[in-house]
Amino acid sequence: MENNMVNVYFFGKKYSVPGDLTIMTAMEYAGYTLTRGCGCRHGFCGACATIYRIKGKNELKTCLACQTQVQEGMYVASIPFFPTDKRTYDINEIKADQRVMMELYPEIYACIGCNACTKACTQSLNVMQYIAYAQRGELEKCAEESFDCVGCGCCSVRCPAGISHPMVGLLARRLTGKYIAPETKHLKNRVAEINAGAYDELIEAIMQKPITEMQELYNNRDIEK
Amino acid sequence: MFTETMMESIKKVEATRAARMGTEPRRMTAEEKSELLKAYHPDYRPEGFKEIQIGPNKGQKAPVELTDLIHSNSRLLGENIDLSKIDYDVDVLVIGGGGAGSSAAIEAHEAGANVMIVTKLRIGDANTMMAEGGIQAADKENDSPVQHYLDAFGGGHFAARPELLRRLVMEAPDAIRWLNELGVMFDKDEDGRMVTTHGGGTSRKRMHACKDYSGAEIMRTVRDEVLNRKIPVVEFTSAVELIKDDKGQVAGAVLLNMETGDYMVAKAKTVIIATGGAGRLHYQNFPTSNHYGATADGLILGYRAGAPLLYQDTIQYHPTGVAYPSQIFGALVTEKVRSIGAMLVNKDGEAYAHPLETRDVSASAIIRECANGKGVDTPLGSGVWLDTPMIEQIHGEGTIEKRIPAMLRMYLNYGIDMRKVPILVYPTLHYQNGGLEIGGEGFTKAIPNLLVAGEAVGGIHGRNRLMGNSLLDIIVFGRNAGKAAAAKAKEVTLGKMNLDHITAYAEELKKAGITQEGVSPLLLPKYACHER
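Note that the protein sequences, when read in sequence, are chains A and B. Taking the numbering used here, the leading residue of the first sequence gets 3, the next gets one more, and so forth. Taking the numbering used here, the leading residue of the second sequence gets 22, the next gets one more, and so forth.
Rather than coming from a laboratory, the hints here were simulated on the basis of the structure.
Subject to a maximum C-alpha distance of 25 angstroms in a straight line, what follows is the list of computed DSS-like cross-link-like pairs (lysine-lysine): (1) B:K161 with A:K180; (2) A:K121 with B:K423; (3) B:K251 with A:K97; (4) B:K504 with A:K180; (5) B:K209 with A:K190; (6) B:K466 with B:K79; (7) B:K423 with A:K143; (8) B:K251 with B:K288; (9) B:K509 with B:K466; (10) B:K161 with A:K187; (11) A:K180 with B:K209; (12) B:K504 with B:K268; (13) B:K226 with B:K209; (14) B:K161 with B:K226; (15) B:K54 with B:K395; (16) B:K268 with B:K466; (17) B:K33 with B:K395; (18) A:K180 with B:K251; (19) B:K504 with A:K190; (20) A:K88 with B:K251; (21) B:K54 with A:K227; (22) A:K227 with B:K423; (23) B:K395 with B:K441; (24) B:K226 with B:K423; (25) A:K143 with B:K209; (26) A:K211 with B:K54; (27) B:K288 with B:K504; (28) A:K15 with B:K547; (29) B:K161 with B:K209; (30) A:K227 with B:K161; (31) B:K511 with B:K288; (32) B:K251 with B:K511; (33) B:K547 with A:K16; (34) A:K187 with B:K226; (35) B:K466 with B:K504.
With the sequences and hints as input, model every part of the structure.
Structure follows, in C-alpha cells:
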C-alpha cells in the first residue's frame, strides 16, 4: 500500500493518501467530513466542482472531485458554491425565439470567444459553441450541445464575461422540450382516454382478481418483441 | 485498464459473441425464479436482518442498520427546543428536495398554498438526479394502464397495494405530459412518437428516456420550475424530528442547519416526507448507487412519531453496479444498456440468463455466477461481463455515444472504451422497496395531515420494483401529495405544539432494554476516516 501513496494538498495543506482514490474519497481518507461539495458521488449532480494545479505546472484544471483520481503533487480547492445567476421566467409566457435569450441572458453577447468555458467543462462539452447557438437563437442546437451538462459551474468560474452558461443551456432545453420538439399524439390521446374513464372498469376488474388468477395472467402474458 | 486475467476472459466473451448475436436466452419459469431468489437474493440472508423491538412494526424484521437507527434515540432528547419561537410558518412543509419533493412543491404552489422545501444538501442532490434509464408510462397503442399494472404487480411479487399501484399506472401518461409541458426533452422520433424500450420485466416497450440522463433531465427541469415560482428552498437544513400538536396531528418539524448546528422550528398545517432512500446505510456491506444523503431519515422521523413501515425488509439490489475499476465501485450502470442489446455473460463467455429478467432475479443470477466460480475476480470482489460492444453491432456504430453517453463518459475516464470491450458489473444497493405506509390519497393512516411521497413510501411496488417505475412514482405521488396537502391545509387548525413523542419513544426503548449507541436520523454517512 505505502508504495502507492501520493502527496496531495487540500486547500494548501499536505496529506499523503492512497493513489487509487478519487479526490473526494481522498479528502475523506484525510479526515474531512463533507457537507458542502458532495452530492451524488457518481458524476451527475455537479456538487463537487473542483479546481486544481499540479505542483510545478502552470495550468489550472477543473474537474468533478468524485470522478477524478488523485495525482502526485495535486493542489486542490473545491468550489462548493459559485454565484451563477439564474433568471426567473414563466415557462408558459415566454416564446422559443432569439429574443428570449436577449431578454433573459443578454450577457451572452459579451462573450469574447476565449473558449475558457469549453476548456473548463468537466463533461468535455463544447460550451462556447452552445453559447454561440444561443446567441443566434438556434435553441434546439444549444439544447442538444448542452444536454449532458451537470451544472457544476466550472465554466462560469472561468468566464471573463460573467456568463452563467448552465442556466443558458437549461433555458434552451426547456424551450426545446416544450415548444420545439414535435407534439406526441399517442400521449395526448392516452391522457384523454384515461380522463374520459376509458380504463376505469378494466383497472377495477384487475384490482379485484385473486392472486392465483393474477399469477396465471402474469406468467402467461405475451411479451412484445 | 483491465488486468491480464480480465483480458483473458474478454477473449472468451469475444469468442462467443457472434454465436450469441441474434439469440435470446430463455426466460426462467416462475419456479426457477423463486428458487434462485431464495438461494441467492440478499433479502433471504437472515444475518442481514434484525427484529424491530418497539413501535408499530414491533416483532417484524428490518435490515440490521435500519433497525439500529430505529432503536436509537432522538438527537433532540435532552435538548431544550423552544417551540414558541417559530422560524417558519407555512401551509405545506416539504421535507426533501428531490424529484418527489419538488413535484409536490410545484403542485402545492399551483394550488395556492404557502409551501416551502427544506433539504439537507442542495435541491436536486437526490437519487432522482442519478436515475439513468427511464420512466414508464403506458401511452402507446399496443399498451394500456392495465398491462402496466400486471407487469408491475407480478414483478413486485403480487405484494403491491392495489390502490397505490392503480394511481401509479393510471396517472403515468399524465405525468409524462406534465413533464413534457414543463420542458423535459424526451427522446422522440421526428413525428413526435416517444422512443421507448423494454425494461426488465416489462411486457410492452414503455420505457421513455432522455438519453441516459433521464433523471437528471427531469430533476433539473422541476428544480428550475421550483426556482421560477420562487418557492422558498432552505438548503443544507435537515428535518430532525416531526412536531405534533395536542390533537395528535403533525404540526411541523424541528430543523437543523447542517453548517452552523443551529436548530429552528418550522410550523406547518401539513407535512410531506419526501426524503428518499437508504443506500448510504450500506446494508450487508453492499456498495450503493445512491446519493450522499440517502440515509432513511424520513423513515426514522415518521416511525418515531408513530407511523408504521411497510415492506421495510425488502431491498432492491440493482444487478449492474460497477465492479471495476474501484474508483467508481457501486456506481449505476443503467438497465438501458441491456434494454438496447447488451447481454450478461460469465467469465467463460456464457450468456447464463436472459438479460431482462426483473432486477431481483437478475441480481441473484449474478451473485450465483460469482459464488460458483463463474465470475471474474476484481480487487474488491468479483463480477460478470456486460457485453456492451453488442450494442454497436446490433444498432450501428455511434449508438452508445447517442443513447448512453453518461456510461461511455464514466468508463472513458478510466481508460475503458465500452464500445470496444465489455464492462464488469456486480449488484449494487439501489432502492428501498419498502417505506412508510400510506393510503391511496397519499396520507399516512396513523398521523393526521402527514403525507409521504417518493422512495420513502412503501407499498407502491410491492417487494421488487421494475425499472422506470421509480421516476414515475416520484412524479405521480409527488404531484398528488402536493395537491392533497394544499387542499387539506385549508381545513386544518393546529393545537398546541409539542415533542412529547420523543420522550415517550425514549421510555419505550428503555422499557425494552435497548441501549443502542448513537442518535437518529443519521443525516450523513460516516465516511471521514476518524468516523468509520
